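Student: If you read the sequences in order, they're chains Z, W, F and Y.
Numbering-wise, my numbering comes out as the position in the first sequence, counting from 1, plus 233.
Numbering-wise, my numbering comes out as the position in the second sequence, counting from 1, plus 44.
Numbering-wise, my numbering comes out as the position in the third sequence, counting from 1, plus 2.
Numbering-wise, my numbering comes out as the position in the fourth sequence, counting from 1, plus 380.
Just so you know, the hints here were simulated from the structure itself, not pulled from any lab data.
Remember, predicted model here, so these are calculated numbers, not experimental data.
There's no promise every hint is true.
As the list claims (entries may be wrong) - Dumping the calculated DSS-like pairs for lysine-lysine here, alpha-carbon to alpha-carbon at most 30 Å: (1) LYS246/W - LYS440/Y; (2) LYS352/F - LYS266/W; (3) LYS386/Y - LYS509/Y; (4) LYS110/F - LYS368/Z; (5) LYS269/F - LYS229/W; (6) LYS418/Y - LYS342/F; (7) LYS267/W - LYS342/F; (8) LYS297/F - LYS269/F; (9) LYS440/Y - LYS477/Y; (10) LYS593/F - LYS654/F; (11) LYS186/W - LYS229/W; (12) LYS529/F - LYS401/Y; (13) LYS352/F - LYS407/F; (14) LYS246/W - LYS267/W; (15) LYS246/W - LYS509/Y.
What the hints assert, rightly or not - Among the chain Z residues that face chain F by a calculated CB cut under 8 Å, a handful are: (16) ALA258; (17) LYS266; (18) ILE274; (19) CYS281; (20) PHE287; (21) ARG290.
Each residue gets a CB set at the ideal place from its N, CA and C atoms; glycine is no exception.
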Amino acid sequence: MLEQNNTYQPKIVAFCCNWCSYAGADGAGTARKHYPANIKIIKVPCSCRVNPLFILRAFARGADGVILCGCHPGDCHYTTGNYFTRRRMTLLLSMLDYLGVAGDRFRVEWVSAAEGARFAEVMNNFAAHIAALGKNVKLRDLRCAK
Amino acid sequence: MLYNYYPGCTLSTKAKKLDVAARRAADVLGFPLVELPEWQCCGAVYPMAPDAIAERLSAVRALAAAKANGGVLVTLCSACHHVLKRVNHDMAVNEEICRKVNNYLQLAEPYCGETKVLHYLEVLRDHVGWEKLAQQVQHPLKGCSIGAYYGCLLLRPGQVMAMDDPECPNILEDFIQALGATPVKYSMRNECCAGYLAVTDKSMCQRMVGEIKSNAASMGAKKLITACPLCAYNLVANDTANGLPVQYFTELLAEALGVGEGGAE
Amino acid sequence: MQKIGVFVCWCGSNIAGTVDVAAVAEAVRQIPDVAFATDYKYMCSEQGQAIIRQAVKDYQLDRIVVCSCSPRMHEATFRKCAESVGINPYMVEIANIREQCSWVLKDKAEATAKAIKLAKAAIAKVRFNTPLHAGKSNVVKRALVIGGGIAGIQTALDIAEAGYKVDIVEKEPTIGGRMAQLDKTFPTLDCSACILTPKMVDAAQHENITLYTYSEVEKVSGFVGNFDVTIRKKARSVKADMCSGCGLCTEKCPSRKTPSEFDMGLKNRGAIYIPFAQAIPKVPVIDRDACLKFKTGKCGICSMVCPCEAIDYTQQDELVTEKYGAIVLATGFELLPLDKFADLGWGVSKDVISSLQLERLTNAAGPTEGHLVCPSSGKEPKSVVIVSCVGSRDTTERGKTYCSKICCMYNAKHAMYIREKYPNVDVTVFYIDVRTPGKGFDEFQRRAVEEYGVHYVRGQVGKVVVDGDGKLTVFASDLNSGRHLMLFPDLVVLAAAVKPAPDARKLATMLTASIDNDDFYVEAHPKLRPVESPTAGVFLSGMCQGPKDIPETVSQAGAAAAKVIGLLAKEHLATNPCTAMCQENICSGCKTCAHVCPYGAITYAGKQIITLAGTREQRTVAVVNEALCQGCGACTVACPSTAMDLKGFTNKQILAEVDALC
Amino acid sequence: MELTDKELAEQILHLAGTDVKRCIQCGRCSAACPVGDKMDFVPSRMVWELVNGHGASLIKADAPWRCLSCFACEQRCPRGVSPAAVMEAVRLTEIRKQSANKLAAESLENYPADMPQQALVAAFRKYSK
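Just need the whole structure built from these sequences, with the hints factored in.
Tutor: Okay, here's the thing in structure tokens:
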């Protein structure tokens with residue numbers, strides 16, 4: 234395969250819930266709001282369907298960033314799904330560094346069905362953030378390095 | 045809390061009354077003002093152009109000095125307050141201006157809008173409190189109908205100045221009330237006095253001052269108070285209408301607190 | 003071996019303009035198991051579907067991937083198409099290469115590469131798809147309409163006429179809503195009450211309609227066809243079944259300090275009051291915050307004068323629970339509070355009023371019996387200024403970004419009211435644009451100018467100055483001439499922006515209905531499903547969905563009713579087959595999943611299991627009630643042994659997508 | 381080299397730093413302006429000229445020299461545009477030119493002694509380099 238030239242394009246996976254964020258992504262499309270091509274969306278019924286293992290798998294397969302989008306707290310189609318997400322992902326975030334992935338390569342965002350423009354904005358921000366972090370390399374235990 | 049104080053050039057000369065009364069009252073009310081050493085003129089007008097970097101420097105120097113000394117800067121003159129508050133806002137939100145100014149100044153530590161710029165009135169309202177102020181009043185100004193004249197620079201643009209509702213301000217009225225006088229609200233209280241047109245167009249100044257003063261008088265004001273030396277000048281020097289007296293709000297404050305006599309002239 | 007067919011849609015130039023569709027088809031053709039791949043101009047069209055059907059026959063396809071627009075748009079279409087040729091509808095996957103690709107990207111090479119990736123992910127997923135079969139749930143043949151204005155009344159009447167039971171919940175003491183406050187309606191200038199009150203009576207008397215006035219929805223659970231709703235009937239402190247509606251109590255009430263909501267504060271009402279003469283039900287209500295009896299314990303005059311002994315100070319709120327098949331939101335609007343517009347004289351002079359206040363001032367049943375007077379002096383004005391777009395088309399923090407749509411027409415109407423009755427009163431309307439699309443609308447506005455002599459000035463008001471004697475000075479611009487104007491009207495009318503009723507957001511949360519940044523309810527599709535909320539079984543009627551006038555509201559109300567009738571007419575609904583399932587051989591019966599299920603859909607039962615080791619064993623395992631499960635997937639992640647999986651979104655399917663994308 | 385109409389407009393737009401495309405020509409700024417009646421181009425007209433790239437006519441306008449920078453226009457604009465910044469940008473474009481001062485330093489002596497220096501500093505900042 235050809236080596237990627239000049240501009241580094243990070244690989245980003247976005248999990249979007251069907252009711253809010255996926256609809257928000259559709260809204261971004263309808264409003265022709267640009268966000269980078271390297272962000273690819275996987276639809277799930279609710280953000281609470283996302284197993285932390287899916288996220289780790291993405292990182293293991295070489296993703297540079299993973300973003301999980303759900304309905305705003307209080308607006309979940311399934312009433313409480315995103316509350317589970319919030320708790321689970323807080324836990325995952327606290328463990329990512331330990332697992333060898335820089336914690337700020339993963340983000341949780343709430344985007345409603347009406348927020349097409351915001352969806353694009355969130356994606357652009359995240360892509361810029363990941364691009365600044367550079368390629369995902371496994372964190373090494375600093376104690377061993379010494 | 046340490047209250048750094050930026051008097052500005054007019055208050056050190058032609059508007060000493062505004063300054064002296066403010067310091068005395070602040071001492072009585074328990075927030076002594078500490079004048080910033082080596083402050084420079086703020087430039088009197090806010091430099092709107094995004095490329096006007098040099099014009100922002102003196103304001104940033106004052107702001108940075110206050111940051112190093114507790115992080116609060118109190119102002120009195122409406123124009124100084126307007127310039128300092130808006131430049132501070134630029135430093136906080138406009139990356140390009142912030143970068144260029146810091147490149148130029150090379151301060152020990154970059155300045156990015158950390159200082160809290162407070163108008164003297166905000167200190168009275170938010171730190172002293174109207175109730176406490178009312179308790180400290182020695183000579184209540186009973187029966188005095190006073191119109192607050194805000195002018196333009198103190199309140200606008202509302203989102204940056206964030207002192208009060210720019211179209212229906214209350215802070216000076218509450219102040220008047222706390223001193224025991226009767227505030228008179230009138231529509232023209234937040235309209236411009238003609239400002240620097242004093243230099244180039246006296247007749248326009250007279251017209252605008254006339255509109256303001258007759259509106260205030262029609263609502264029953266017997267006196268106007270203001271926070272701005274230029275407003276005070278225009279309201280008196282270009283008054284052809286009704287001779288309504290004009291005072292600085294701090295003069296009124298010092299008077300009510302019983303520290304008004306013998307003010308330096 | 004699997005046989006996957008891939009169909010790439012051009013969507014005219016919507017996709018093909020940015021994505022090389024032929025290259026996408028060519029790329030996926032190389033993938034093992036892809037038996038057929040092609041592209042076509044409009045895959046959703048009859049011809050496009052024919053291509054799919056033909057390919058299924060020719061290549062014995064068992065799985066289908068369509069690369070097209072969002073699945074929210076046409077997933078159902080392609081599933082039906084698959085079903086028509088014997089493929090289970092859940093063997094279809096959509097790759098969204100329009101909203102997520104061609105519409106957000108400009109560079110063709112980049113977009114094509116992304117489209118190929120998305121197609122590959124869909125192919126990876128579809129390999130693990132299994133046939134799913136929808137279950138059935140019953141439909142409760144009763145509808146709930148929230149809001150009793152013209153939108154709610156019309157929707158309820160239409161549903162009731164079709165033979166279904168409808169309940170209207172209205173938070174005010176009477177139905178009628180905003181329309182009841184209006185004097186006349188545009189563009190016909192017929193009396194608002196004359197066309198509304200008969201409908202109110204119809205609603206009250208209809209055998210299929212139950213009114214819950216002075217009531218609010220407290221709690222909603224369940225799903226389409228089976229909603230459980232708790233309604234709080236607030237205590238009126240008056241026994242409705244005993245009250246004769248004579249109004250004696252309202253006349254004798256000594257508390258006179260509360261501004262009348264119905265008269266927009268232009269008049270005070272008693273603590274016990276009936277909002278207006280034609281109120282339905284015509285039963286007063288005691289405002290306990292204003293009532294002396296409730297505040298001080300002294301008084302009780304209303305109880306003494308009541309000839310029917312209907313006053314009951316001890317009445318309590320009552321909770322009613324009811325089942326519904328469908329819910330219609332018809333919560334209406336209010337005017338934007340103008341507190342931040344003191345520059346226009348709001349709150350400074352009593353003679354600066356809102357449009358709704360003007361309606362009350364010109365209404366024969368209003369506080370002045372229809373005599374237009376300045377509220378400050380009670381005198382007739384000599385000249386009136388009307389200001390358009392106050393808070394509308396305003397992107398700052400004090401306004402609303404949208405056009406409120408109805409103001410241009412009602413401003414013309416108001417100007418006509420005044421000029422018709424008081425030909426000597428000068429009326430000037432300041433406007434940014436005059437927006438009058440609609441049948442007979444522009445003609446109406448022109449009549450105001452040409453026949454009624456209303457002055458229309460393109461420009462705005464910058465300041466309203468109030469003097470000591472109450473005199474108003476309006477500073478305004480006339481943009482066509484470049485003039486700066488100074489006017490001295492006696493009355494200024496501010497055409498304030500409309501905004502959704504304040505409880506819209508609370509209800510949206512209760513119903514999990516989507517709401518936009520301005521608190522308008524979001525429709526399922528802006529063009530094709532304008533009266534449905536994205537939440538199944540919830541429908542939208544009237545102003546709560548967006549600014550609209552009465553004719554539009556009534557037609558939308560009818561449309562919402564038609565959708566409700568269509569739903570209630572069904573004996574059964576197909577349930578979502580994408581429910582949780584338990585792989586019993588690895589379930590340990592720990593009950594973690596049951597704790598996270600918001601629907602109580604998981605129970606436990608003793609079952610004989612064939613273990614992973616191949617032995618038989620009696621064990622307690624999770625059992626999913628598919629009728630209750632809504633398929634959120636919360637349990638799948640909670641399960642410590644990954645025994646819980648979600649049909650249609652299995653772990654394997656999602657991981658396959660992850661692998662394909664990374 | 382002389383700037384074209386369009387280039388001039390772009391330069392002014394850059395100095396103004398306000399998004400004039402948001403303007404819907406409602407005229408509130410012009411109505412709110414306390415000296416609008418004395419302006420050849422009212423604030424909304426200034427913005428409109430800039431939206432349409434007529435830089436030269438902006439430079440010729442007298443209005444910026446009447447403007448008080450009182451920000452009533454900006455405060456009351458429903459679209460978040462600052463006509464005051466457009467006025468300032470036009471003033472700056474002029475006074476940054478060599479010897480284009482509108483106020484001579486020599487005139488200082490003519491002003492009343494009690495005029496606060498705030499007025500003089502402000503006026504010189506607005507009218508000269």
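Student: Does each hint fit the structure? Answer for all of them.
Tutor: Evaluated hints:
1. LYS246/W - LYS440/Y: 23 Å, holds
2. LYS352/F - LYS266/W: 24 Å, holds
3. LYS386/Y - LYS509/Y: Holds, because 25 Å separates the two Cα atoms, which is no more than 30 Å.
4. LYS110/F - LYS368/Z: Measuring from Cα to Cα gives roughly 25 Å; hence the hint holds.
5. LYS269/F - LYS229/W: 25 Å, holds
6. LYS418/Y - LYS342/F: 29 Å, holds
7. LYS267/W - LYS342/F: Judged against 30 Å, a Cα distance of about 27 Å means the pair holds.
8. LYS297/F - LYS269/F: 22 Å, holds
9. LYS440/Y - LYS477/Y: Judged against 30 Å, a Cα distance of about 14 Å means the pair holds.
10. LYS593/F - LYS654/F: 23 Å, holds
11. LYS186/W - LYS229/W: This hinted pair holds, its Cα atoms lying about 17 Å apart.
12. LYS529/F - LYS401/Y: 29 Å, holds
13. LYS352/F - LYS407/F: 26 Å, holds
14. LYS246/W - LYS267/W: Answer holds: LYS246/W to LYS267/W is near 23 Å, not above 30 Å.
15. LYS246/W - LYS509/Y: With a Cα-Cα distance of about 22 Å, the restraint between LYS246/W and LYS509/Y holds, given a limit of 30 Å.
16. ALA258: Nearest chain F Cβ about 6 Å off; hint holds.
17. LYS266: Holds - the Cβ of LYS266/Z comes within 8 Å of chain F, reaching about 7 Å at its closest.
18. ILE274: 6 Å, holds
19. CYS281: Given a least distance of 4 Å, the restraint on CYS281/Z holds.
20. PHE287: 6 Å, holds
21. ARG290: 5 Å, holds
When held up to the earlier numbered hints, the structure conflicts with none and fits them all.
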